[in-house]
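Protein chains: 2
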Amino acid sequence: MSDRLFLEDLVVGQRFVSAAREVSADEIKEFAARYDPQPFHLDDAAAMGTLFGGLAASGWHTAAMTMPMVIDSVPMEGGIIGSGGELLWLRPVRPGDRLHVETEVLEITPSRSRPERGTAVMRCTTLNQHGEAVQTFTPKIVVPRRPAG
Amino acid sequence: MSDRLFLEDLVVGQRFVSAAREVSADEIKEFAARYDPQPFHLDDAAAMGTLFGGLAASGWHTAAMTMPMVIDSVPMEGGIIGSGGELLWLRPVRPGDRLHVETEVLEITPSRSRPERGTAVMRCTTLNQHGEAVQTFTPKIVVPRRPAG
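Those protein sequences? They're chains B and W, same order as listed.
Counting from 2, one number per residue, gives the positions in the first sequence under the numbering used here.
Counting from 2, one number per residue, gives the positions in the second sequence under the numbering used here.
If you're looking for bench data, these hints aren't it; they were derived computationally from the structure.
Treat each hint with caution, since some may be false.
To be verified - Only pairs whose alpha carbons sit at most 30 Å apart, straight line, appear in this in silico DSSO-like list of lysine-lysine:
1) B:K30 with W:K141
2) W:K30 with B:K30
3) B:K141 with W:K141
All of these numbers come straight from a predicted model, not from anything done at the bench.
Start from the sequences and build out the full structure, keeping to the hints where you can.
As structure tokens, this is what we get:
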């Protein structure tokens with residue numbers, strides 16, 4: 002008996018809330034140096050004169066930090082495998098922010114051609130310590146169906 | 002005289018092609034360990050028995066690797082600042098794959114309220130060495146207008 006979730010265990014409106022994790026300036030700069038090397042993600046002083054008005058995490062860093070929180074809080078059988086969806090960055094993520102993720106099941110669709118699986122659309126909202134959404138991601142996830150018997 | 006692009010320099014249908022970069026198994030596992038710790042992104046043997054049928058990069062890693070290629074190939078004034086868009090993963094990215102990015106301008110919209118800027122919708126397609134699209138991302142980007150005079 003697994004405590005992982007199959008398609009049959011999901012309900013539209015079901016919600017999952019992750020633990021929180023803090024974001025450091027060092028981590029913001031380290032991620033940016035490798036994957037998004039632009040002044041507003043790399044350097045406090047240079048970031049002041051930009052649209053961000055101060056150091057902000059790369060959106061890709063926010064997305065990357067969000068993923069382990071989804072994995073830990075949404076115990077899907079077989080893991081979290083998605084084909085993508087709408088990704089929106091709503092507010093800057095700043096050094097010292099404390100993020101968590103709230104996931105809601107929006108749609109559940111058994112596959113017509115593959116009886117062993119289906120898909121679920123989920124909205125994963127990443128929030129800061131003020132309860133403000135900094136990112137939403139609304140992926141379609143592949144979810145196995147519970148084996149018969 | 003800057004050689005960076007302002008909103009006035011963009012044309013619908015305009016295309017930008019990046020240089021290519023190779024993806025290593027070590028980098029796939031290193032990214033996954035930190036940001037997407039699931040067996041199909043971490044371990045060759047464990048990945049064989051999953052939907053991926055072998056080690057594959059995290060979609061977030063593909064997205065992260067795509068970003069420096071966009072930054073280098075799309076010389077937007079002020080950098081690449083997006084509010085998000087549709088992100089789709091179309092095929093697995095494997096160790097040894099050689100990726101590049103092709104970006105196309107889809108829409109150009111001057112801001113009504115902010116005369117100094119506008120937005121552009123771009124489609125950034127990440128392709129492998131076989132010319133197969135592995136990811137598309139279609140963000141809305143903030144682009145400054147050329148200062149008068």
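Cross-check of the supplied hints:
With a C-alpha separation of about 24 Å, the suggested pair K30 (chain B) and K141 (chain W) falls inside the 30 Å cut-off, and the hint holds. The suggested pairing of K30 (chain W) with K30 (chain B) holds, with an alpha-carbon distance near 21 Å, which does not exceed 30 Å. Only pairs whose Cα atoms come within 30 Å are accepted, and K141 (chain B) paired with K141 (chain W) is accepted, the gap being roughly 21 Å.
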